[in-house]
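Novice: For reference, the chains in residue letters:
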Amino acid sequence: MIHVDNLRKEFKKVNKEPGLKGSFKALFKPNYEIVTAVDGISFDVPKGEILGFIGPNGAGKSTVIKMLTGILTPTSGQCIINEQNPTQNRKKYVKEIGVVFGQRTQLWWDLPLRETYAVLKEIYEVEESEYKKRMEFLNEVLELDDFITSPVRTLSLGQRMRADIAASMLHNPKVLFLDEPTIGLDVVVKDNIRKAIEKINAEEQTTVILTTHDLADIELLSKRIVMIDKGNKVFDGKIADLKSKYGQMRELVFILENIKDLEKLEYKSHFKFKDDDLSVTNDGISVKVRFNNSVAPVADMLSYTLSKISVKDISVKDADIEEIIRRLYKQEVDLND
Amino acid sequence: MTKRLKIYTPFISAGIQETATYRVDLIFYLLGDVLACFVSYFIWKAVFISSESEFLHGFTMPQMIVYIFLMFLTSLLIYSDGTYNIGEEIRDGSIAMRMLKPVSYNATFLFQEIGNKLVTNVILIIPLVAGVEVVRTYVTGEIQFNILHFVLYLISCVMAYLINFFFNICFGFIAFIIKYLWGANMMKNCVVGFLSGAIIPLAFLPDTLEKVFLFLPFSSLNYTPVMIYMGMYNSSQTAFYLGLQLFWVLFFWGLSKLLWSGASKRLSVQGG
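Each protein sequence line maps, in turn, to chains A and B. Okay, so the first sequence: first residue is 1 according to the numbering used here, each after it adds one. Okay, so the second sequence: first residue is 1 according to the numbering used here, each after it adds one.
Hints should not be assumed to be uniformly reliable.
[Claimed, not checked] So, partial list: chain A residues that the calculated Cβ filter (under 8 angstroms) puts toward chain B: (1) P18; (2) L20; (3) K66; (4) T69; (5) I71; (6) V94; (7) Q106; (8) D110; (9) L111; (10) R114; (11) Y124; (12) V126; (13) E130; (14) K132; (15) M135; (16) F273.
[What the hints assert, rightly or not] Just the calculated beta-carbon pair ranges, DEER-fashion: (17) K238/A <-> V24/B: 31 to 41 angstroms; (18) V188/A <-> A20/B: 30 to 40 angstroms; (19) H3/A <-> V24/B: 51 to 61 angstroms.
[What the hints assert, rightly or not] Here are the simulated BS3-like cross-link-like pairs (lysine-lysine), alpha carbons at most 27 angstroms apart as the crow flies: (20) K188/B <-> K95/A; (21) K101/B <-> K211/B; (22) K12/A <-> K6/B; (23) K133/A <-> K101/B; (24) K199/A <-> K211/B; (25) K29/A <-> K92/A; (26) K101/B <-> K95/A; (27) K174/A <-> K6/B; (28) K238/A <-> K268/A; (29) K257/B <-> K121/A; (30) K6/B <-> K92/A; (31) K132/A <-> K6/B; (32) K91/A <-> K6/B; (33) K132/A <-> K121/A; (34) K101/B <-> K92/A; (35) K265/B <-> K230/A; (36) K199/A <-> K47/A; (37) K6/B <-> K13/A; (38) K174/A <-> K95/A; (39) K199/A <-> K95/A; (40) K265/B <-> K133/A.
No lab work stands behind these hints, which were simulated from the structure alone. As the structure is a prediction and not an experimental result, all values here were calculated from the model. C-beta atoms are modelled at their ideal positions from N, C-alpha and C, and glycine is treated no differently.
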């Protein structure tokens, strides 16, 4: 369905020296620099898959999405989506995809929401009966009814995002690109949006590419992730693999009878943790100890802790995906081993 | 063809609704233009009073007054915001959203603006034409309204608008290179104002310069419709200048298509 082959994008950037003097210099003799935003990325997505596309800020995620949707022309390499090249026949291509950029809106700013949908119905040439069915479905999962008659500029962020997602699904696209669709939203709205994505994927076999910084989105929706950093692909595989391979971090949470006892615990010297392998946070009531399981096994940590101090309550938490990603972003885990 | 046009009808109705949203803005905008028009009127009045001859380059003072008010009317009718709109979309990156729709980029701007203009032009044309005619009757002492001239004027205005629109679109594509267009747009408005005769009638210029300007596309913007309305052209001249207008419509339409296909390839979306 989606085939991406060695995609590259370079931008020309004016390098301005700091201050007023630098601004003048840049005005008359600009100093150009070629910045490689995406440096040869390849991957394939089969029909009906939800792919989580993640990476730290500035990794090049949005640039990739913009190339896949035909907004940007790649410097080299190519992508074939739905058997089409996005930049070749733009009008034909975009008819079969749906796109949401969380930071922008495709809704008509000054018009009631309903009007935007009416416009979209015309330009995507959606049949009346199909349109009604579609709106009913979207209404049900995204609860648009409360604000469908309000002008878009008066909508709250959560409402606007729901409306934008509905707009991208209205013409039943074969591929859906969602660039941070849950940015800045509360838990309930996030849930609704995830449900909508899940449902449309299950019912229509829509292929979805999802970028997000909320890893819960990824965990709940997609089985596979592609991670990029500094324009390169650094991971491509199942989330379960990622967890078993890199999930060495565990968390020990306990409540002390006497908070001063904390000083008695000397994990670092006892187990010879490195700086990155251990972090202790204390909020006055409970203590959280995050540690690397491969340096000190959970059993050892527990027995050491209990031998030194007395606790009211103690629990151990498993590695979560966020922790793994955090370490990956900070490049503490070597992905090549 | 009708099917293709049908896709764009929602853009017209959206344009109408947009304009209706910002009514007060529209009123202030018009007031500004009316003031500018009167400033220009008093300047020319001073020029004619200090002149010894009754004619200045073939214009009598009443004709000059009619010219000023017609220029004001015509500029309003054919006004196009394309450069500004494209510039803004490129500056804030929202051009990306427009590119994701299965419609022609230029056409969406055109139909949206036609929607905007339908409101203003329909509201304005009757009172303004009536106003111009009252002034004209008052300064010349007799009713001068000619229905044929008026109809030809309207046709000429439609073509002038299309030239203006496509020219502005072409100019707007400069934003793909320089990213921000405000300064360039101001400069363009001044130059076009001069070349199109909106500031001084082209007949006031030295002969050779006038001939050159008449063949430039800008005289097709304001000057041609106004001269037709005033009955300054005989029938063969009218036919010639209408033909010239048509030529410029097609020229800029073609150019805008060409530039778009080039510009969209080198787009770099700013922000987000």
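Novice: Against this structure, judge whether each hint is valid.
Specialist: We went through each hint and held it up to the structure:
no., hint, result
1, P18, "20 angstroms, violated"
2, L20, "19 angstroms, violated"
3, K66, "6 angstroms, holds"
4, T69, "6 angstroms, holds"
5, I71, "5 angstroms, holds"
6, V94, "5 angstroms, holds"
7, Q106, "5 angstroms, holds"
8, D110, "5 angstroms, holds"
9, L111, "5 angstroms, holds"
10, R114, "11 angstroms, violated"
11, Y124, "7 angstroms, holds"
12, V126, "12 angstroms, violated"
13, E130, "16 angstroms, violated"
14, K132, "17 angstroms, violated"
15, M135, "16 angstroms, violated"
16, F273, "40 angstroms, violated"
17, K238/A <-> V24/B: 31 to 41 angstroms, "58 angstroms, violated"
18, V188/A <-> A20/B: 30 to 40 angstroms, "35 angstroms, holds"
19, H3/A <-> V24/B: 51 to 61 angstroms, "53 angstroms, holds"
20, K188/B <-> K95/A, "36 angstroms, violated"
21, K101/B <-> K211/B, "44 angstroms, violated"
22, K12/A <-> K6/B, "40 angstroms, violated"
23, K133/A <-> K101/B, "22 angstroms, holds"
24, K199/A <-> K211/B, "68 angstroms, violated"
25, K29/A <-> K92/A, "42 angstroms, violated"
26, K101/B <-> K95/A, "7 angstroms, holds"
27, K174/A <-> K6/B, "24 angstroms, holds"
28, K238/A <-> K268/A, "33 angstroms, violated"
29, K257/B <-> K121/A, "26 angstroms, holds"
30, K6/B <-> K92/A, "17 angstroms, holds"
31, K132/A <-> K6/B, "20 angstroms, holds"
32, K91/A <-> K6/B, "16 angstroms, holds"
33, K132/A <-> K121/A, "10 angstroms, holds"
34, K101/B <-> K92/A, "10 angstroms, holds"
35, K265/B <-> K230/A, "24 angstroms, holds"
36, K199/A <-> K47/A, "15 angstroms, holds"
37, K6/B <-> K13/A, "42 angstroms, violated"
38, K174/A <-> K95/A, "9 angstroms, holds"
39, K199/A <-> K95/A, "21 angstroms, holds"
40, K265/B <-> K133/A, "38 angstroms, violated"
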